[in-house]
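Participant: One-letter residues, chain by chain:
2 protein chains.
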Amino acid sequence: MAPPPLHPDAVPLEFLLGTWRGEGQGHYPTIASFGYGEEVRFWHVGKPFLAYTQRSWALDDGRPLHSEAGYWRPKPDGVVELVLALPTGHVEIDEGTIEGTAMTLASRLVGASTSAKEVASVTRQVVVEGDVLRYVFAMAAVGEPLQEHLTAELHRQP
Amino acid sequence: MAPPPLHPDAVPLEFLLGTWRGEGQGHYPTIASFGYGEEVRFWHVGKPFLAYTQRSWALDDGRPLHSEAGYWRPKPDGVVELVLALPTGHVEIDEGTIEGTAMTLASRLVGASTSAKEVASVTRQVVVEGDVLRYVFAMAAVGEPLQEHLTAELHRQP
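Top line first, the protein sequences correspond to chains A and B. Take the position in the first sequence, starting the count at 1, then add 551; the result is the number in this note's numbering. Take the position in the second sequence, starting the count at 1, then add 551; the result is the number in this note's numbering.
In case anyone wonders, no lab produced these hints; they're calculated from the structure. A portion of the hints provided could be inaccurate.
Copies of one chain are not kept apart here, so a pair can be met inside one copy or by any two copies together.
[As the list claims (entries may be wrong)] Listed below are the simulated EDC-like cross-link pairs for lysine to aspartate or glutamate, each with C-alpha atoms no more than 20 Å apart in a straight line: (1) Lys626 x Glu669; (2) Lys598 x Asp612; (3) Lys668 x Asp560; (4) Lys626 x Glu646; (5) Lys598 x Asp560; (6) Lys668 x Glu646; (7) Lys598 x Asp611; (8) Lys668 x Glu589; (9) Lys626 x Asp560; (10) Lys668 x Glu695; (11) Lys598 x Glu565.
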């Protein structure tokens, strides 16, 4: 079946479409710093949102580290909404703005299941330049103030 | 790469693993009743949760209808947590119990993005008998009380 055309409302996020791979760095006061490999996918089904999955792995032995899945919803006036589920037992609703090929979002809601750690808030910045995607993920969690936790540089796969 | 062994904590959900396809029926006071085709996938990466995606389509022309993505987290004493993102702008944290090959969950949290419709609460019942999975999804939304919204019967794909 031929892929459907991109929904007009999703055009502001067209620059994200595809599969991206690269490496990132993680740090936080409560853990040892670490590097990771990462793959991110953005795709669409002809509806006014992009579907999104992410997975990362340890650089030494390839064991799976983090993953997340959700949907990016562009709205009028450069607004973007992100709904996300994380296997750590968290959900996020992040909202912010699209400016060209950059997005800045902050959490409107971080929900935690009964057994999950406390996460108070997060921010996500994503910048795409051509076939390079860089992001910064900041988090306030387990009593620590909002601060940078993850940065990565990914390359769009052919 | 060979698939990793199932994490011991995920064994109570092993009965869900695989790809399931079938048909369902939807109804709600505010909309016309409808039938749908559906595919559900449960898989694991060797960690103590199952990853989950769902997509449904119209029976007449195959156009995509709903989708959702998230993670099922089995916990001690037959407890299960589900974190979920939906492209309607919602996130769910549902919690409940596993009894054999059946699960009953109710929402602990339903979050809505700024532009999303109001959803007050949901329940999810899933029963697997061999290679048949049946579920009932109930929802309280847009001012209506909690009531059945979706039922489906899916078959495990070989």
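Participant: It remains to establish, for every hint, whether it holds in the given structure.
Facilitator: Hint-by-hint comparison with the structure:
no.: 1; hint: Lys626 x Glu669; result: between (30 Å within a copy, 17 Å between copies)
no.: 2; hint: Lys598 x Asp612; result: between (38 Å within a copy, 15 Å between copies)
no.: 3; hint: Lys668 x Asp560; result: between (36 Å within a copy, 18 Å between copies)
no.: 4; hint: Lys626 x Glu646; result: within (10 Å within a copy, 31 Å between copies)
no.: 5; hint: Lys598 x Asp560; result: within (8 Å within a copy, 37 Å between copies)
no.: 6; hint: Lys668 x Glu646; result: between (22 Å within a copy, 16 Å between copies)
no.: 7; hint: Lys598 x Asp611; result: between (39 Å within a copy, 18 Å between copies)
no.: 8; hint: Lys668 x Glu589; result: neither (23 Å within a copy, 33 Å between copies)
no.: 9; hint: Lys626 x Asp560; result: within (7 Å within a copy, 40 Å between copies)
no.: 10; hint: Lys668 x Glu695; result: within (12 Å within a copy, 33 Å between copies)
no.: 11; hint: Lys598 x Glu565; result: within (12 Å within a copy, 33 Å between copies)
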